[in-house]
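Asker: Spelled out, the chains give:
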Amino acid sequence: MTVIYQKTKGLQDTPLHYCPGCGHGIVHKLIGEVLEELGLLDTTVGICPVGCAVFAGSYFSCDCIEAAHGRAPAVATGVKRTHPDQCVFTYQGDGDLASIGTAEIVHAAMRGEKITTIFINNAIYGMTGGQMAPTTLVGQRATTAPLGRDPAQAGWPIRMAEMLSTLEGLVYAERVCVVDIPRLNKAKKAIKRAFELQMAGKGFTFVEVLSPCPTNWGMEPLEANQWLMEHMAAYYPLGVVKDTGGVTG
Amino acid sequence: MQKREIWKGSEAIAEAAIRAGCRCFFGYPITPQNEIPEYMSRMLPQAGGVFVQAESELAAINMVYGAAASGVRAMTSSSSPGISLKQEGISYLVGAQLPAVIVNVMRGGPGLGSIQPSQGDYYQATRGGGNGDYRTVTLAPATLQEAVDLMQDAFDIADTYRNPVMVLADGLIGQMMEPIVWQDRPGRSLPPKTWAAEGRRGRTHNNFVTSLYIGAEECEEHNLELNRKYAAMEANECRWEELMTEDAQLILVAFGTPARVAETAMRNLRQEGWNVGLLRPITLWPFPTARIRELAGKSHVKAFLDVEMNLGQMLDDVNLAVNGQRPVHFYGRCGGAVPHVSEVEQAAQKVLEEVQ
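Chains as they are written, first to last, in the working numbering: chain A, 1209 to 1457; chain B, 3 to 358.
It is worth saying that the hints were derived from the structure and are not from the lab.
Backbone N, C-alpha and C fix where the C-beta goes; we use that ideal spot for every residue, glycine too.
The reader is advised that the hints may include incorrect statements.
Said to hold, decoys possible - Some but not every residue of chain B turned toward chain A, in silico, with C-beta under 10 angstroms:
| no. | residue |
| --- | --- |
| 1 | 21 |
| 2 | 48 |
| 3 | 201 |
| 4 | 214 |
| 5 | 218 |
Said to hold, decoys possible - Quick partial rundown of chain A residues pointing at chain B, CB under 8 angstroms, derived from the structure:
| no. | residue |
| --- | --- |
| 6 | 1211 |
| 7 | 1222 |
| 8 | 1224 |
| 9 | 1225 |
| 10 | 1227 |
| 11 | 1228 |
| 12 | 1229 |
| 13 | 1241 |
| 14 | 1246 |
| 15 | 1251 |
| 16 | 1262 |
| 17 | 1274 |
| 18 | 1276 |
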């Protein structure tokens, strides 16, 4: 019998706790597959965030460290600098990375830490129940922006991939999404390139994933995917933002 | 005779850490301890170690957290306002059961305060300054010799219990120069770090370092497990020094630099015929409560005088130990001021005259 599909060895058997239609589980799977395909599962340390993915360390099948809110890039720095032979990645949401951990992500990129950051941008705080994120779109409703995000009061959403790409230490930044199979394949390719560049010692690598949050957006999963493409992708353009990594392997 | 060398406190602490096997340092500049990161940036790479100047104290302690979680001897240092920023990370280190050493070269507070020596962070160090119900062994050197000797112990204690250890030095210890002898201090035999998240490297299970225990019952069980470690630290790690307490009517209690001032005051008063002794806690937590309580029960002991460079923080612990058996007096200077020998003598004499 030919095996045509099986669950990646990069994930444990623990059932995921994510809501229906959430992007986290898909991105977990892509990371697991990439680590498995690159033969890195025995030499990887994953740094997990605070937020919806706080249990990620129980899902990835590699050594993991749970960081304080926003500090994953600093924790990753501590691991990578003392274990330069290991593959080190952080997995962070928008509150974690673009709000409370802004200093840590900017300076990890500035130093050109040879780590990979997977940034899940769903434009909302998931775990705490739908509060405004730094990436919440103008006009988008949140439990702390009941009338929609008002730039006069809350400013404009932050484009992290573009901002970090101004730093020399960042060699690769791409924004992807996981709303359909072609885009999912593209996302996997981006994640793979990020890990390959890290292992080639090129510098800091960053993949921003636009990810649906039907629960806190108050939408059906398919509607959420549609909204993501219409509104999020319009403000956060998909594609390679920066790639100075050159050829690997 | 062993070779005596003149060292500056902060540099000696850094060198002692390297000799104790510290292989990574993460820090952010703040006066009066800048010589520690400066020395580390120069010397640690030569010892095969890693130095990173972090963007903040918050990042520095979290880099320590990462390195410690992956099984490496890690440390950071700072001074009072910077240590406040590190409290988040210290709480996480305790929660995730990670060993690390944090050096606080204390300056005057609160807020930006001053850059002169102080002991204003006693409460923060001994009560667990971050969130949650926790303890860290706190070592308080009074001389540079003791500071360098304690660095080896600090790392070993941290590894023994998988808990951060704080070295609480006042600005004088960090800034003064004093002769020291580099002694070979045998390290403890320590358990292997089988829990470290350093990549599986063929291991069949994943190591996951976390302080998250999401269920109330599992979090309570986790806290009880930590509490058993605190009990072991209290049983095994408490240290203090006593001078001339055998016949003392008045016992001075002081740590760090004020203990040296108090010792001189004690010797001067002894020459004048007063029976004065000194008890100097070396571990501020665990505190030598039992010994102080025992001394308070002795008939020759009439009173205690607690001397600190703050407005009376260790005083609480002295009072708890004495437990009302004898009067406890206090003399302190704060904000960066250092008590003079004559001031301590005067305060002591006043108490001695009262108890005659």
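Asker: Which hints from the list above does the structure break, by number from lowest to highest?
Answerer: 1, 2, 5, 6, 7, 8, 9, 10, 11, 12, 13, 14
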